[in-house]
Amino acid sequence: MTSLKIEPILAVTNLQVAFSDGNGNLQVLDPLSFAVDRQEFVCVLGPSGCGKSTLLRVLGGLLSPTHGEVLFRGEPLRGPRRGVGVVFQNANLMPWRSAFANIALPLELQGTPESEIAPRVHELIELVGLQGFADWLPRDLSGGMAQRVAIARALVHDPDVLLLDEPFGALDALTREQMGAELLRIAVDARNGGRASRKTIIMVTHAIDEAVFLADRVLVLGPRPAQIRMDVRIDLPRPRDGNLRYTPQFGALAQRLRDSIG
Amino acid sequence: MTSLKIEPILAVTNLQVAFSDGNGNLQVLDPLSFAVDRQEFVCVLGPSGCGKSTLLRVLGGLLSPTHGEVLFRGEPLRGPRRGVGVVFQNANLMPWRSAFANIALPLELQGTPESEIAPRVHELIELVGLQGFADWLPRDLSGGMAQRVAIARALVHDPDVLLLDEPFGALDALTREQMGAELLRIAVDARNGGRASRKTIIMVTHAIDEAVFLADRVLVLGPRPAQIRMDVRIDLPRPRDGNLRYTPQFGALAQRLRDSIG
Amino acid sequence: MKDTQRVIFIIVSLIGMLLLWQVIIWAADLPAFVLPSPGNVARRFMQTVEDGSLLRHLGVTLFEVLLGLAVGLVTATFTGYLLAKSRLLERLLSPYIVASQSVPMVAIAPLLVIWLGPGLLSKVLIAALIVFFPVLVNTIVGVRAVPEDLYALMHSLQATRWQILQHLEIPAAMPVFLGGLRIGATLAVIGAVVGEFVGADRGLGFLINVGRGMYDTALVFVAVFVLVALALALYGLVVGLENHLLAWQRRAEE
Amino acid sequence: MKDTQRVIFIIVSLIGMLLLWQVIIWAADLPAFVLPSPGNVARRFMQTVEDGSLLRHLGVTLFEVLLGLAVGLVTATFTGYLLAKSRLLERLLSPYIVASQSVPMVAIAPLLVIWLGPGLLSKVLIAALIVFFPVLVNTIVGVRAVPEDLYALMHSLQATRWQILQHLEIPAAMPVFLGGLRIGATLAVIGAVVGEFVGADRGLGFLINVGRGMYDTALVFVAVFVLVALALALYGLVVGLENHLLAWQRRAEE
Amino acid sequence: QAEPAPAQPEAAPQELTHIRLPMGYIPNVQYTPFYVAVELGFYEKAGIELEFDYSFETDGVALVGADDLQFSVVSGEQVLMARNQGLPVVYVMAWYRDYPVGVVAMTGQGITQPGDLAGKRVGLPGPFGANYIGLRALLDATGLQESDITLDSIGFNQVEALVAGQEDAVVVYTTNEPIQLQSQGYDVDVIAVADYAHLVSNGLLTNETTIANHPELVRGMVEATLSGIRYTIAHPEDAYEIAKKYVDGLEEADIHVQLDILRASIALYQHDPVGYSDLQAWQNMQDVLINMQLINAPLDLEAAFTNDFIEN
Ligand SMILES: Nc1ncnc2c1ncn2[C@@H]1O[C@H](COP(=O)(O)OP(=O)(O)OP(=O)(O)O)[C@@H](O)[C@H]1O
Ligand SMILES: Nc1ncnc2c1ncn2[C@@H]1O[C@H](COP(=O)(O)OP(=O)(O)OP(=O)(O)O)[C@@H](O)[C@H]1O
Ligand SMILES: [Mg+2]
Ligand SMILES: [Mg+2]
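Chains as they are written, first to last, in my numbering: chain A, 1 to 262; chain B, 1 to 262; chain C, 1 to 254; chain D, 1 to 254; chain E, 1 to 312.
Bear in mind the hints are in silico, worked out from the structure with no lab data behind them.
Glycine included, C-beta positions come from ideal geometry on N, C-alpha and C.
Among these hints, one or two may not hold up.
Okay, the calculated bits of chain E under chain C, using three or more residues with CB under 8 Å as the criterion [as the list claims (entries may be wrong)]: (1) 19-27; (2) 89-99.
One-sided excerpt, in silico: chain D residues whose CB lies under 10 Å from chain B [stated by the list, open to error]: (3) Ala145; (4) Asp149; (5) Leu157; (6) Thr160; (7) Pro171; (8) Ala247.
Let the hints inform the model, and build the full structure from the sequences given.
Next comes the structure, spelled out in structure tokens:
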């Protein structure tokens, strides 16, 4: 992985976010500095309410920090940027659009011709295992199905950078593993002869195993106001498969992370 | 555990649910029969979209089955019943109520005097670790914090039966374990000299470890249309503590469940 | 089955009302110019249909109503959107908008007539003015209710202002907006008729005036019934639009 | 600071309008009966204040407006809730409701006069009728938008119908309902004045009639300004209510 | 009858002056003289192209006062009230001689003269306008006070209120409502204001500017209108036929009633000489208005009207 290191795609310096709401001022992100390399897969762990979603919103250009700076491809980030796919913590689907139409949204917005939209969307519907539900409205989908629609939507326009906020939170263990594997396949293992370019991914997760299995690097945040408690490289070989989970190396890394959190 | 068995509090016979929506008819629950004993802690596992939430809604009296019968305390279930607390899959908070007021809702509805509400609610705010956020509106809470408010709301009126739909889905590993432990403390270990009566709990979860750690019994559902694939007693001793997770017995049970799902 | 039920109900209730009407006339022995009988009204209706006058007046009113509705709708939606997006603008402008709504037509009708002449324009303007406010308010309320999270989604996809409008704000605000349209469509009819009362020599409102002037109450009834039918048709169109556009929202309530 | 800005803007714009008004009079050399000067109107205002007539008429109109608003509000909210809960009922009744809304006042004024007499009641009824519809429609739209999941929550807590109304439906429907009230409060003023036009010997609408009859345009302006002030005050009350009741919804937009 | 065939355009391409004439009410059989004058080409001959403006809430008087329009059809009291507010309007032709307002009651109620109104409920549209002024003139003529009767402001619903028994008597236009009531089979007693007070009535209004700058226009307008009046007086049936073209619903209306209305109106016209108004009628009107405090001080009545444009 380090062999491919070119330049940081995201560089965060002294990032601070405070909400002046509720009763008084709430400091959410304490000065926070880190950089994410191009094509790196970073998982973020941290206790509930520490500021993970807030961090992701800042990185996505959806929230301007109170202090500090975020450089995206070397330039200061001033708003959402092209080629970034986001999965929000809740599925965040448009209730008036069918599963299909929700997934098609990013393509519609970037003006993809109709004829290309349908095959691509169906490809993703298959990827997330929702065959037969293309025409369903969000209200008739189960929690996990809605979340899978949201994942498909974030991937459909093949963005370079993915910001994922607990994308698998509502999925059962098996589906979760399948989706993780898909993510690895389309995003990371691409370099091994798959799609054109590998993606940069920053993903919030609560599952330590998942973080170890997927990531190149795991950031552990402390309780609010969040600081980086640990920044661990996951030097496990790729491509990774299910058996990796039972290796001592994997267990050791997971244990280390668990300890750092506790 | 079996020593306390008195009578089934919930008896499900030939339960079937079909939704006639979207495009045609969707069979969600295939004939399903099982019984839950009074004061039993049952975890439900199953793939995304198989019908777990639907099952919980039926048990809560919120949805009438297409076929089959549900007996609650020996009587046919015709609607929601007193003394049942529900945590929905999404937090489902009222956006115009503060965290405090959301938690207080069940007490208000059952006419608890004001003077008793405040201390009880604060007790639960503390239990779910939201001290200082009593006056916050849901929109300003993080995903996990909102979910904890929902948990507190389900517990505040001390119901006998809890129906929990992935109550810890949005929580990080540590908070999740803490909340699980709290749940055990107030709900199960009560018989060991805690609160007056032990609770009956049916909880949907995606975490196999969690199911093994918490439950007296785990139901594994197959993919839609869901049938019971496995019904496993968890004969681990109580009270259970964290170390239990590393016992071979625990590992074996978890492995068995994992295999049945895969 | 529900539809059959409904049709039956409407037919029964209509027949019931006709009967009641006739019975009142018999019982109270009311003269025709106070309350004409259903038969009277039907005959008068046929007359005005045959000599083409009803159609002519209806055409005029319909044109005024549609034009007024269109003008009011467009300006209200546009203004409403702006005010919804800027609370400052709303605070600054709403006093003037409310003021403009609370000046009684009768007080400004002469001005309208002086400026616009006694013709079509003044009626269209009155109808538009009366449509404006409910549509405006509901546009504001509707746009304000668009979930923040979906804005974030659209921003993350680099949607343009126009795309946000088209793909998010319009569909999300639609339920409340259509509520405003329901009110507006009904009021547009009233607006055009009020304009015709203030001064006109054609249109259904004028026909009512004529009927009243000549104590031809049957003619008044004919004109009123046609007006009501017009309003119902417009309302039905809006409801049809709702059924079409808000299908995604509907399952739950049925 | 925003508030200061706003006050400044309003003062500046008011002064600007007064200036414009005066300039128009100078420039176009308009006679007072077409457009009285601000000074004229102010003098006439003081006169009517001093001889107590303004207050008397205002009192009458205010009473009619408030009573009409109250009656219209209560009936519309009640009916709207019922129709929101039952699509069948809505389908059956809405034609009649829309019909009742589209019958022009002039056509039913004789009936009102005969049934209710020439006094207060007919004005209150007209105001109530005119308030009814927007409040009704927005009540329906508001109640329909209550999230299903929250109903499930309330049911699981065995909430009674009344508790669901109080703790869920009322707060959830409030934003849209208050939009209806904004429209209704403004229309109530128009309704009472229309009623006074139809036939009255007191109230601000009557004052306008008198002013117009005597070519006393300054008096017409005084009455219209007071009416506008009344409508603005009512509207302000509703907005105040919104700020209070919808505080939970507000942060996002500011 | 040898009707003059719809005027052959003699001096055909002559530029016509467009006149918008506020009538004060909807198209009605009572406007027959105007329809006749249009139909028989009297206006055209006078170089006028007439457009009827039925905007009865438009305040034709104010428009004339502001010189936005040149002419308007008005009731006599309007002239004085307008001049009282400084509107430079002038009454140039009397159409009616008798003030057409009266009080109607059901026969048998014992209300046959003004004095009988004492203690009764009297309905009228509202305390403003011609109805009110007529009623006050009637009361003045008999020495009654307004407080001697109960006045109800019922809008333009007098007939309904009377028939429903809600009012003992109602104030109406004598040319219309009594005839309508009689045709419906009700016996009514009419107390006509004109029998007790000589007041200036409906006629044609212009303004001082028009008189000063376009006297020929005024003369043409007056002449053409008078021709219409004369023709109507002479041939009521033919005139009625012409009016049918202008009045919606007249075709289907009960011909007797509408023709009776026209005849009753003609009876109130200023016949001899046609178009003439006398100072006494103006003086009386002013007295009533001052009495009612609608005018605060006596006006220069000579400036309010002129008979100069009446041909001899
Ligand atoms: N109201 C409804 N109308 C139609 N279909 C529904 C409705 N509710 C649920 N379904 C369908 O029923 C199936 C089961 O849904 P359910 O929510 O019970 O799944 P679940 O097991 O809870 O899944 P998850 O783990 O993803 O939450 C899904 O296919 C869903 O689309
Ligand atoms: N818009 C906001 N206004 C005020 N406070 C906010 C806002 N958004 C988030 N917060 C607060 O910031 C803190 C961090 O929130 P955030 O959503 O980033 O947490 P998180 O790490 O994603 O937690 P979780 O794992 O529970 O989702 C919380 O205390 C939350 O209450
Ligand atoms: Mg979060
Ligand atoms: Mg579910």
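Quick rundown of the hints versus the structure:
| no. | hint | result |
| --- | --- | --- |
| 1 | 19-27 | holds (count 4) |
| 2 | 89-99 | violated (count 0) |
| 3 | Ala145 | violated, 12 Å |
| 4 | Asp149 | holds, 5 Å |
| 5 | Leu157 | holds, 5 Å |
| 6 | Thr160 | holds, 8 Å |
| 7 | Pro171 | holds, 5 Å |
| 8 | Ala247 | holds, 9 Å |
Of the hints listed earlier, those the structure fails to meet are numbers 2, 3, in rising order.
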